[in-house]
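Visitor: Knowing the structure of chain A, use the given hints to seat chain B on it.
Number of protein chains: 2
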Amino acid sequence: LDEAAMAAAQARLDRLTKPPGSLGQLEAYAVRLAGIAGTVQARFPKKAVVVMAADHGVVEEGVSAYPAEVTPQMVRNFLTGGAAINALARLAGADVVCVDVGVAVDIDHPALVRKKVRYGTANFTKGPAMTRAEALEALCVGIEVAEELADRGYRLLATGEMGIGNTTSAAALLAAFTGDDPADCVGRGTGVNAAALARKAEAVRRALAVNRPDPHDPVDVLHKVGGLEIAALAGLMLGAAARRVPVVVDGFPASSAALVACRLAPRVKDYLFPSHQSAERGHRRLLALLGLAPPLHVDMRLGEGTGAVLAFHLLEAACRIRDEMATFADAGVSGPVVAEEAAQP
Amino acid sequence: LDEAAMAAAQARLDRLTKPPGSLGQLEAYAVRLAGIAGTVQARFPKKAVVVMAADHGVVEEGVSAYPAEVTPQMVRNFLTGGAAINALARLAGADVVCVDVGVAVDIDHPALVRKKVRYGTANFTKGPAMTRAEALEALCVGIEVAEELADRGYRLLATGEMGIGNTTSAAALLAAFTGDDPADCVGRGTGVNAAALARKAEAVRRALAVNRPDPHDPVDVLHKVGGLEIAALAGLMLGAAARRVPVVVDGFPASSAALVACRLAPRVKDYLFPSHQSAERGHRRLLALLGLAPPLHVDMRLGEGTGAVLAFHLLEAACRIRDEMATFADAGVSGPVVAEEAAQP
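Residue numbers (our numbering), protein chains in the order written: chain A, 7 to 351; chain B, 7 to 351.
Chain A with its partners taken away, still in its complex shape:
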């Protein structure tokens, strides 16, 4: 991060007609965006949500309320503009970039970015979800997509995903990295009942017992119990950080990808912005591990990048504040009564 740009951004914020720090996280965002862009006036003329799509072999264990066929069906819905992420991206002025990194069937659509690594993962309760080489390939897909978007002028990205069964993989990653009890890592995902929730916990427990992922080797964990879209999102974060593009992180699967990315390269965290606290149990734990405090608390549990795209608004608001407010001097507004009255940080 560019310390000089951050100091200049902070100095500008402190001259504006408001008590110092009174805009809370919006001010922190403006400062960090300056540090990332290397200029006080960071802007996002183009922004996108990247929806990585893939299937999960573990679905055959009965861990999802929806059948795997919904993954390609929803990809088509994204491509024709009918999903929640499309509505929210239009509101945010963001493009939806949909990438097939591992859907179990082929999808034919001119707008689909085709980077399929394999046709879905294997059922990780019986062996590794994918090979180590495939996990690295999926990471590279994300890096490539980030680079292509940076080249095309995108200056702000959000993580999106589609993959029936992927909250089970996210829970397995969380349990593998932390050693937490699988029962504390799983949640209701798209809305499973108590029986399916128990099957999710059991699937995670078996996945760890069968695969024995090494928590000190992020790629080992990723290929054994991860997902192709989760790997690609981790790569997206690595690629974006390398190109100094900030990334807003969505819910539980995206946050598990953020954990992988940060374990691979801890400084990636400087480029990540939180979005929402989802209704998914393990998400809170992941956010705490990442040190991200989400600004939105709206009980969402949809995925697709919906929470991240909603949070674009807060980064935009931070930029508007920075650019449009009058200073105390310009507006002729008095400062604090006596300097000592100001609260100590």
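Be aware that a few hints might be false.
Since copy identity is lost for identical chains, a pair holds within one copy or between any two.
[Unchecked claim] Once the Cα atoms are required to be at most 25 Å apart in a straight line, the calculated SDA-like pairs of lysine to any residue come out as:
1. Lys-275 x Ala-34
2. Lys-121 x Ala-139
3. Lys-275 x Asp-101
4. Lys-132 x Val-343
5. Lys-122 x Arg-211
6. Lys-52 x Gly-99
7. Lys-52 x Leu-97
8. Lys-121 x Ala-337
9. Lys-122 x Ala-337
10. Lys-122 x Ser-340
Read the hints as simulated data drawn from the structure, not as lab findings. Remember, it's a predicted structure, so these values are computed and weren't measured experimentally.
Guide: Leaving out everything else, chain B in the frame of chain A:
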């Protein structure tokens, strides 16, 4: 609320390509907005933040980091577009309506709505802040403004306020209604130090001892320890509810006004939407009393209506979801595997 419109809105949301309820509060907002508007397709072609401005005699007790002269200075800043609320209102596509309901000096500006009830409140540590008649007059100012805006086609309002010293009045209202210890009701406001924070608690303690407000008589509490802008905001909520216009409630002073409004007419609550959890201590308590769960957690403590206007975005997002998403049938997306797999609410 129109139960039929709410049921129709819920039915529409449940046909859209997402797990039922997975958009959390956005879905709840869409349903309640339908109930308020009496139609599924509630829209906000015109929206505004109403900034009620007034001064507080209690400032002479040294309870604020800023001098009282900042109130009229900031009102001029609002009128010339240089304040945080102006930047955020532009982003939201909302108008800023600034009302002088009790600034201690006269302000000459064509865009100012002049409804001054008196030149600031009296110091409520020595007697009532205003007379009962003045409190009723200030309430009526808010009702009038809501009616005028409804007549001019505004279909969504946010509460804003400007009044150096008004977090002390909000804390006094909270303590008067609840009997809570004044020390638990005050916070750092615009950023006072520990000594001033102690003076705030002491001012509230004396205000209650001197005035003995009756918690069962909201107008008694309001005239004795309230503020003119707080009274006007309570009136705004009453007037808006009467005209079926939803109101997004900002921070601590606005929430104290919401408590007054709900004590006067409990059904007003149906028309109120929360915005943010501010850094101000008593705000959390007020939100709990009101039963409002704020969607934004960004540590803001500026006032002016900034949090409420930021939250307009979430109501807009709720409407976009409702209007723009494809249904399962239209998009050819499969539903849950078996009906029983869906989580019970």
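Visitor: Please go over all the hints and tell whether each is borne out by the structure.
Guide: Hints versus structure:
| no. | hint | in the structure |
| --- | --- | --- |
| 1 | Lys-275 x Ala-34 | within (14 Å within a copy, 33 Å between copies) |
| 2 | Lys-121 x Ala-139 | within (15 Å within a copy, 72 Å between copies) |
| 3 | Lys-275 x Asp-101 | within (24 Å within a copy, 37 Å between copies) |
| 4 | Lys-132 x Val-343 | between (69 Å within a copy, 23 Å between copies) |
| 5 | Lys-122 x Arg-211 | neither (28 Å within a copy, 68 Å between copies) |
| 6 | Lys-52 x Gly-99 | both (8 Å within a copy, 20 Å between copies) |
| 7 | Lys-52 x Leu-97 | both (14 Å within a copy, 17 Å between copies) |
| 8 | Lys-121 x Ala-337 | between (54 Å within a copy, 24 Å between copies) |
| 9 | Lys-122 x Ala-337 | between (56 Å within a copy, 23 Å between copies) |
| 10 | Lys-122 x Ser-340 | between (60 Å within a copy, 23 Å between copies) |
Hint 5 from the list above is the single one not met by this structure.
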